[in-house]
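In the order they appear, the protein sequences are chains A and B. For what it's worth, the working numbering labels the leading residue of the first sequence as 9, then goes sequentially. For what it's worth, the working numbering labels the leading residue of the second sequence as 120, then goes sequentially.
Among the clues, some could well be false.
[Said to hold, decoys possible] EDC-like, lysine to aspartate or glutamate: derived pairs with alpha carbons at most 16 Å apart:
1) A:398 with A:486
2) B:669 with B:694
3) B:349 with B:375
4) B:476 with A:267
5) A:96 with B:420
6) B:254 with A:260
7) B:345 with B:382
8) B:254 with A:599
9) B:591 with A:265
10) B:376 with A:139
11) A:412 with A:599
12) B:703 with B:509
13) A:135 with B:382
14) A:135 with B:691
15) A:251 with B:566
16) A:251 with B:543
17) B:265 with A:153
18) B:349 with A:138
19) A:135 with B:420
20) A:135 with B:375
21) B:254 with A:267
Simulated from the structure, these hints should not be mistaken for lab results.
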Amino acid sequence: MPPRNNKYMGAHRPKNLKGTLFRLLGYLKPYRARMAVVFLCVAVQSVTNILATSLLQPLLNGLAVTSANHDVTLTRFPFIDELAYTDKAGYLFAVVGMMAGIYIVSLVANYLLNRLLVAVSTSTIKKLRDDLFSHMQTLPIKVFDTTTHGELMSRYTNDIDMMNEFIARALPQFVSSFITVVGIFIIMFVKSWQLALVMVGMLVIMGFIVKVIGGRSKRNFVAQQNAVGKLNGYVEEMTEGQKVVKAFNHEEIAVAEYDKINSHLQHVSTRANAYANIMGPIMNNLSHFFYAGIAIIGAIIAVNSDNPLEYVGIIAVFLLYIRNITMPIQQISQQINLLFMAVAGGERVFALMDTPPEVDDGYVTLVNAEIAEDGTITESVARTGRWAWKHPHSDGSVTYTELKGDVRFEDVTFGYEEGKTVLHDVSLYAHPGQKIAFVGSTGAGKTTITNLINRFYDVPDGKIRYDGININKIKKADLRRSLAMVLQDTHLFTGTVMDNIRYGRLDATDEECIQAAKSANAHQFIKHLPEGYNTMLTRDGENLSQGQRQLLAIARAAVADPPVLILDEATSSIDTRTEWLIEKGMDALMEGRTTFVIAHRLSTVRNSDAIMVLEHGVIIERGSHDDLIAQKGKYYQLYTGMFELS
Amino acid sequence: MIRKLLKGAKGYEVQSVLTILLVLCETALEVVLPIFMSNILNTMQLYAVDDGLKGLTSSMIVYDFQGKTHSLLTYGTGTVVLGQMDILLNTVYTYGILMVLSAILSLTFGSLAGWLCSVAGCGFSKNMRAMLFGKIQSFSFANVDKFSTASLVTRSTTDVNNAQNSFMMIIRTVIRAPAMLIFSTVMAFVTEPKMAWIFIVAIPALAVVMFLISTRVHPLFKAMLKKYDKMNASVQEDLVAMRVVKAFVREDYEEEKYRQATEDVRKAQLKAEKLMILMNPLSSCVMYGTIIGLLIVGGLDISLGNMQGGTLTAMMSYCTQILSSVMMICFIAVQLVMSRASVDRIYEVLETESTIKDGAQTEKKVESGSIDFVNVNFSYSSNEDNLTLENIDLHVKSGESVGIIGGTGDGKSSLVQLIPRFYDVLDGQVLVDGTDVRDYSLFNLREGVSMVLQKNVLFSGTIRENLLWGNKDATQEEIESACKAACAHDFIMSFPDGYETDLGQGGVNVSGGQKQRLCIARALLKKPKIMILDDSTSAVDTATDAQIRKGLKELSSDMTTVIIAQRISSVENCDKIVVLDDGKINGVGTHEQLLQSNSIYQEVYRSQQKGTAEGGEN
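Just chain B, same shape as in the assembly:
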């Protein structure tokens, strides 16, 4: 896991290593600073108990600026002379200034570490995101379908964020906590080995308590989050379907459902929290136990005159440092385990190879637009028993127009998506220009094939920017002629900003029919050899539809066109019409031939005749 994280830190190794070093220095100062602090405090306290000093036998050795050694208060019965106040001042100055200096150093190290850590952490997540996005762009649709779009978005946002947090935590605390633990333990053993063994008992005890609780709490919280998601999903569902809820007067029913969901969350949360709140008292218990142990062992020694009070105070401060670093380590461990899922999810994407790769003939371009399907079987799940397309054999000459008719789920879109190799066939071959599509480079193949999709997508930006997707060097003239052919020029010019009209995200500012026409114009700008229109004039009226088809022919007569349509009128003039039924070709022929021989075609025709023809054109 750490190795995986480090891979993402490329380019930020220096910052990461520096952060770790700076944190080490900061930690060292943190161990030193309490010594200065207790020196000042002890000195003060020695002076503080004026007359009481008669009864005290404490002593302490301090150093002043000149390095002179003063031995303070080693009297059994003496009184403090006022003249000795300057020793006190000297001591306080010395340690005060040492403290300020260390604090400045610690501040510098700490801030620098914080800054560098942030640079490295954000650099890390930038790398991760870039790697993910690049990878996703290279994915085939089979890959994307496997992960689902929503999951890919989550992986590149939430999961990267989690990974960034654990990365930052690693470089800041993974070294610090163990270092602190080791420093303090060593110091404790150096100071008073007789007492230090208490830590040897306390450290594992604390670790076990923390470990036991967190491993038990974790699944409980996971279960709680699941319930929580379910609860929010039920709000979402209710919001989206509010009209249905109100129309069927189901407000109370929905309320009851939600109450159940919130109750589930409450119970699950209570269950998890009940265990969680044991963590604090139990770990405090270990901590207090250790302190009491230290006090008893140390106190007995002091009362026997074998040890001094200062030593005991020092041991107590090591106790805090040692045990809090143990807690820190356990906390990090839990955090890492939790973010591990995120890192794994990211790497699952990064380690997936695209199922569709460039073919061998990298130089080969699409010259003519002939299309041949040779005994093609296709399945989205690569499952022989669940074929979406079965035994498709279809040959289209260059420049021909082909119409495809069929019901929802009959495989029309699946069929045409094999041409620009959005998916690969299971069996058989798809040939474009006489060459198997798998032999082209993806770039050259898709340069030659234009596809207007059923689900039209325009991107945020102006109309012109969207059109330039087709050909980024297109001149205004080319743009206009494509738009005229797609019957889009007139409505574009009717906007106040013309071609510079801003579409907003997802092209929200144009109607469905206009969107479709813009998409056709965009595809035309590519000057493709093969043009595929996947139900892309459904929102356009029949007259405009006919005009677009005419426009296409005029703009480029040798272009092969494949038209998927619901309306018979959209395909009736095609050179060839294919009737698809349940993934199989049910019939191929001209409008007249099919009307004679194909029962499905007749049915479709009849169902539409009822709607359009009687009083109309015929």
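So here's chain A without its partners, still in its complex pose:
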């Protein structure tokens, strides 16, 4: 695993904070009403917490007060305050009852807000995931060829998780902390703006210290992340290559090397964790310093003021709230961090969602057809086994062309990148039912040709015609439905063997799937699997051999039953003897279909109608096997093993 640079630890700011944030919040729109209730509950919670604390003093005062004196701060509810002078127990129960009521309101608000939020956040995140995935399905192959899977995966895992964290936790907490802090500050400024300013000054100092230590911690976490990446990479490399390590008695050297990386990791992670660990004590004790500071400064001001006694009361209030304000401030700083991370994640997710999808301006579609004896074609709703291209014209008329599998390349020039052509002026034709083979080294352009036929990539220059229709006019989905591919790397899906074969045509019956497996010579081994066709395949069919997986891929193509077949190194992982055994199945599959074969091993292509030898994107030789052998050119050299294909 290459060392991943951790995007989250770096203190980088997102590029478009506001836009991304609003877009993210836009996902909450359908839940506007519920979110309003959530925020209301948050506010209620913050207010009730402040209220409950502030009831304590009137309670104590009321219990202590002996005679009616309206200067003592009590609850300010006359009928309750009256009790303080007449019935102590009654007063006590009245105030405690009020507190209990406030607590109950707070608890209900807490539960309600969380209950709503859980429902909203899980649904929102599901929507985000679904949107991202369905957009990803529409992206052109190019995106997948140029972006690593790991990078795309991390949008689904890290980035979306981060957004989830933000919506489900950070957002409500942020609002709650914000309300608390603002509320307390308002009280503070009303009571004494001078002391409030002192408080602000102290918070600035706190913020500064948080920034310095937090910054160091972050830097070291980045270093730690890199070290972890390096270590994991080494472990993976050594574990994968363990046979070599053992064959060369290299265990001790490997351990020594590992120790070095391990020690480095220890060093940086010690620093990173240490900074993170001391953050807690620092914040905690800073609030103690502030407390003592405000008390001393306040006392000095009080002694020198006109009305010292009143001032002392103000200080008392300040001291009460200092304890309540440090926690939310600490939380706000964490939440701002989370916000940045979520927005950074959101930016990456939205960037993928904004990647333009595959262009498809094709209007020729594939329809079920009934073909009369005289060749007239009529569209049919039911599956007839015959197909036709439905070609609407600008004058409103519609023509039908029978689907046959005639493919032509006319002067096709193509490159994946601007200015770097991979294919030069390639012209070729394949009549229905013909087998055309491509031979050449890696990078000669063989696979590119197949990429063009099914429009994974579009040709800017020259034309490819399918049954005489320019393929750029054919709807991509319909074009691809008329072709089946068996690729070099077989990919199977989690599901039963039957499911995997049926992937070729979703409405195929079990019998049709079994028939396809038989024709691909896969039936034999499938029968011997523990549960036959119902055997579950997991992780890309890891319990099957490469050859068996390849056979399943062939069966999958067979069940699709298209007129054109593309075999891209389909038999490369099967040994020659097995290949010889399945050749019959392959022949049966190719029977009556236009087939493009790309092969490394020349025995596979020998009986083709035409063989194209590609070199650097140019067809240098073409003809049947016998023609090419007679030419004694490159094909002859390859064939006789005088040249290495790489």
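Guided by the hints, dock chain B onto chain A, whose structure is given.
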């Protein structure tokens, strides 16, 4: 579990113990600091209510710097004299400075503890990783197969990380939370035993609530994570197979599958969270209940004049401390249970003994390269009924060349892996140089046997660094002659940096054929008595293939060579060719003999003839 964790802290015991002690001191200060704070606050509040004081009968005793005792405000009707402001100042100074001092101490202890904890924790995980890696290096392949490579990697990364976190948590909080609980409870009983009994009810109530919810939530979250993994696996699968998806126009189908997966996750998460969100209100409920209980009991006492307001405030702050430490303890318990799985997985590896150990004859070296398989049975799963190799009897003289032919899964690689003892036989014997391979030390045996694997692995580094694996003291001359024999010298020199070319991880910068030739050169540098080539020239053209075989003979004529190949042409000149079929020897002989007598060999030959021979060499 804790004992297991402590084992990993070797070398960091001092730091660990110091952390625990420092945390204890910090905790003690944390209990003291609120007392100072409430003293300041109470003093202020006593002064604050100016005229109202007439109605108050509170009193308080404070000490100033000189240790003089001042009794404040014990009037029934008096007024505060301005002159008494200096008592106030003195009080605030005294406690303010005490607070600052304690805070400095607490800060020092806390930071030191944080630092030492990090040293110990990271040292712990370093030890764990080193132990794991060392252990894995000593593993036999049977061991590795049992765990699977991916799982070993997870164990040495994610699981170690989890264990480190719980270790750090243990030394920082396992002592702190109970200490806080005990300190505060004791203080509560000392201050006002009449009220403290409320805690005796509240503590178990809270513990039960926390315990019930977390034990119920845990499996729900586990189930959710499983669904979550499944959901991500489906993205991964879709990404990898994107070409297939698009080729079969299955975008909508995949989307539907994914929607199902995200819906499953949503439901599972909702189910778990629904329960989880009860935790906060329920534990708050206990907390509020306790506060209200305290207020009622204490308030009644105050109204009767049996108690003072300050005591009640103090009890309230103990309430917070006690209940939050109970929550902390429950939290730690849950965390420990969760990380327990990780620790167990680590120890499962550490406690596994390698199934292959050095033999008794530690001094014995491989002198000649004869190989004998005597009635060998072999199975990867040590299962008599599922033999990979059956009844193999094969004798190879020193210096001979042997070719092995067979289809995928016929046991070719399994057969040769028994020679350097990557696996042990189930029955029978493998002898090298006349001695059972199980009697050699692994080091000496593998020094004498070189093996080029089917799956070629080059490591990140330069070409030279990779070649030096064969012999770390090899001279440039030796390196070059090995590379020439393996037909690698020329292409190496064609790189701008020659032997210093950086290969990148996994040797990504060279083609398949070049990689194979480098691996052969690397194996040759060991100057082995036995050289095994496991399908290691498959990507090399036939001409180079032949040249390599010639090169090998020339470089060392008395070396025994075992060649596994797909191509008949790679083995046809061997002294002996073995045809394997389904784990059994189907035939042994020279190319000509087998062509005459062995039907499988004939079939293989025919299948390749179609490809290569007709218009070619023959």
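Checked against the structure, which of the hints given earlier come out wrong? As far as the earlier hints go, 4, 8, 14, 17, 19 are violated by this structure, in ascending order.
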